[in-house]
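Using the hints provided, position chain F relative to the given structure of chain B.
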Amino acid sequence: MANPIVHALVYLIGLMTFAGLNAAYLVWCERKGAARIQRRTGPCEVGWAGLLQPLADGLKLMTKQLLVPDGVDAALFRLAPVLAMLPGMVALAVIPFSAHLQALDMELSALFIFAFASLAMLCVLLGGWASGNKFAIISSARAVSQNLAYEIPMLLTLITIALISGSLNLREIALDQQGGLFHWNLFRLEGWHILTMWIAFIIFFICSIAETNRAPFDLAEAESELVAGYMTEYSSMGYGLFMMAEYINIVVGACLTTILFLGGWGCPFDVAPGWWWFGLKMYALIFTIIWVRWTYPRTQIYRLLNLSWKVMIPFSLINLLITAGLVKFL
Amino acid sequence: MNLPRQRYEETFVLNLGPQHPATHGVLRIKVTMDGEYVIKAEPVLGYIHRMHEKIAEQGNFAQFMPYTARMDYLHALAFNHGYCLVVERAAGIEVPERAEYIRVITVELNRIASHLLWWAAFLLDLGGFTPLLYAFDDREQILDLLERTTGSRLTYCYFRFGGVCNDIDDEFISGTRTFIDRLRKRLPVMYHSLVTGNIILIKRIKDIGIISTEQCRRYGASGPVARGSGIDFDVRKHEPYSIYPELDFDIPVYNEGDSMARYMVRMDEIEQSLRIIEQALDKLPDGPIMAKVPKNLRPEAGTCYAAVETARGSLGHRLLCNGDRNPYRLKLRSPTFSNLSLFAEVAEGMMIADVLAFLGSLDLVIPEIDR
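Chain order of the listed sequences is B and F. My numbering puts the first residue of the first sequence at 449, with every later residue one more than the last. My numbering puts the first residue of the second sequence at 509, with every later residue one more than the last.
One chain only, chain B, in its complex shape (with noise of 0.2 Å):
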């Protein structure tokens, strides 16, 4: 495409679609996911298997009024939910989906969505401020104390895949990655890497759940304890948005995951086209979080960050040397 304009329009839209599909579609399928996890149907009378809800759902939090209590910031209290969705579909713009399907290139992609990712912990925080209640105001410290501490792990595991792949760039680290399994960062041959990705991959897949906020360390929306968290006050579409925020958080999660540890779209046997490879890689983590959401009960605050500044730092660190050590003698 010649022109930058409508190359940037086509993936305007396309990204927005996508997000926006992925958001709904995630809710479905985690609800149909849940109720095979739990013997029950889920959703199964607005169109065939209840694929028209995510529809029904929107359509009804659109019509429903926004409520701003009294005493809220009322400016914060909407802008918040709005801010929200914007980290993760900003990230999404530098994803290489494929070799050839990527919205924009830049030599530091990796780098970009992280800084978005911490601004997703500020619309949390703005959001729980704004509400004025107690129970979104511990949830808005807790996320942000959660947050700062598994970014720490992450960035860690991040420079450990870029000393071995020699770059920031997103598409360059699939790139590298290319030629077979056993070229994955995962399952590296080439200068042993097999041997210490496997903890960094752990590392990473479990701190890209507790940046997402998702189960068993959903502990800013702990509804047993927080009520709904920093969505408490939250109706209508403005509930709504914090929910597709939460999805399409996961999806640049798993996109990342896919890209750093499982060769991007790289595939094992060259069967199907790379996207194609790119989709199964990043739904089946997704699965993954998901099927975790539903069997395993939530931690606590002070073990959460325990588990991070105690375990998941120092073993980032020493993977980190370990990796720089094999990056450099051999």
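Quick caveat, the hints were computed from the structure, so don't treat them as lab data. Even glycine gets a Cβ: it sits at the ideal position worked out from N, Cα and C. A few of these clues could be false.
Below, a list of computed lysine to aspartate or glutamate pairs in the EDC-like style, where the Cα atoms sit at most 20 Å apart [as the list claims (entries may be wrong)]: (1) B:Lys582 <-> F:Glu518; (2) F:Lys538 <-> B:Glu493; (3) B:Lys582 <-> F:Asp542; (4) F:Lys714 <-> F:Asp756; (5) B:Lys508 <-> B:Glu493.
Example chain B residues on the side facing chain F (calculated, C-beta under 8 Å, incomplete) [what the hints assert, rightly or not]: (6) Val530; (7) Glu671; (8) Glu673.
Same frame as chain B, but now just chain F:
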């Protein structure tokens, strides 16, 4: 647990309930917090007070029977049993043996249903959704069985002074035997492997909410709460009533006093209840299910006391009669009221998430506290 600071300058009061997901029913807890630490927890009661004890004085003896099930709606048959027992003692009614067996079988089935529901709700408090559906699946079997015999699924009014109102049939007996086998198979797999052994669950309830034996005695705690703190007391064993002395069962006791101990006591009790039901079904005699009882009961003047073991602890009824057709005074000693009383003392200094886990482990049924 140590409190973070000694001077609480920036505390705030958080109202948990009466409408809060973790305070099942309408319990309200006023918590004074410093950050996430609870400095003071104060349970506030009275949101569902219905003056049951006063109602008992208004009508005749039989008229109060349906109300008993509305107090502890999860173990309603035990409340039926307790009230029947005290009236039968006052009026000197002998219950036929078959009726006693049926009473024990249904009460124990109901106890299992109550423990299963507690388990489900407790896991829900801890953020695990799925166990609820599995437990409800098993509980559903019990409710179906009890519905066949008693006619209702939750608030039973099945016992009568001098017996029970419906006999159990072969289908109930075979259904109960099938259920015993089913639950015995499922307990280790669906309950213990999936949930009890889970590391997150263990971390969440082990060493959390430790109640000392001394505290239990001071507040008069009973049931699984006391047995989790090393007090070997169960009314069925130590102040026997009905046919319990003829049956062989154990009282699970744990000494740790934490939420895990209470959890394990209840899980073990499910197995013991299965044993009791199995034995009672084997020994079930033939005969009448009702004794000859005058239509209008007029017990002699005097007082009478009877205690039974419900799923939550010992339930006492003290009945004061003056020779009239209605009780002069009926006083209930309900187990969860005492079990909740120690909550405030133990909760001090804990973090909010642990407080709610601890609250869940007490197995509170609010309508039974607020009568």
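Outcome of the hint check:
Proposed proximity of Lys582 (chain B) and Glu518 (chain F) is supported: the alpha carbons are some 13 Å apart, at most 20 Å. Proposed proximity of Lys538 (chain F) and Glu493 (chain B) is contradicted: the alpha carbons are some 42 Å apart, above 20 Å. Of the pairs offered as hints, the one joining Lys582 (chain B) and Asp542 (chain F) holds, with about 12 Å between alpha carbons and a cut-off of 20 Å not exceeded. At most 20 Å may separate the alpha-carbon atoms for a hinted pair to count; Lys714 (chain F) and Asp756 (chain F) exceed this at roughly 30 Å.
The straight-line distance between the Cα atoms of Lys508 (chain B) and Glu493 (chain B) is roughly 15 Å, inside the 20 Å bound, and the hint therefore holds. For Val530 (chain B), the suggested interface contact is broken, since its CB lies about 28 Å from the closest CB of chain F, more than 8 Å. A least Cβ separation of about 5 Å between Glu671 (chain B) and chain F falls short of the 8 Å threshold, and the interface hint therefore holds. Because the beta carbon of Glu673 (chain B) sits about 5 Å from the nearest beta carbon in chain F, less than 8 Å, this interface hint is met.
Violation of the numbered hints given earlier is confined to hints 2, 4 and 6; the remaining hints are satisfied by the structure.
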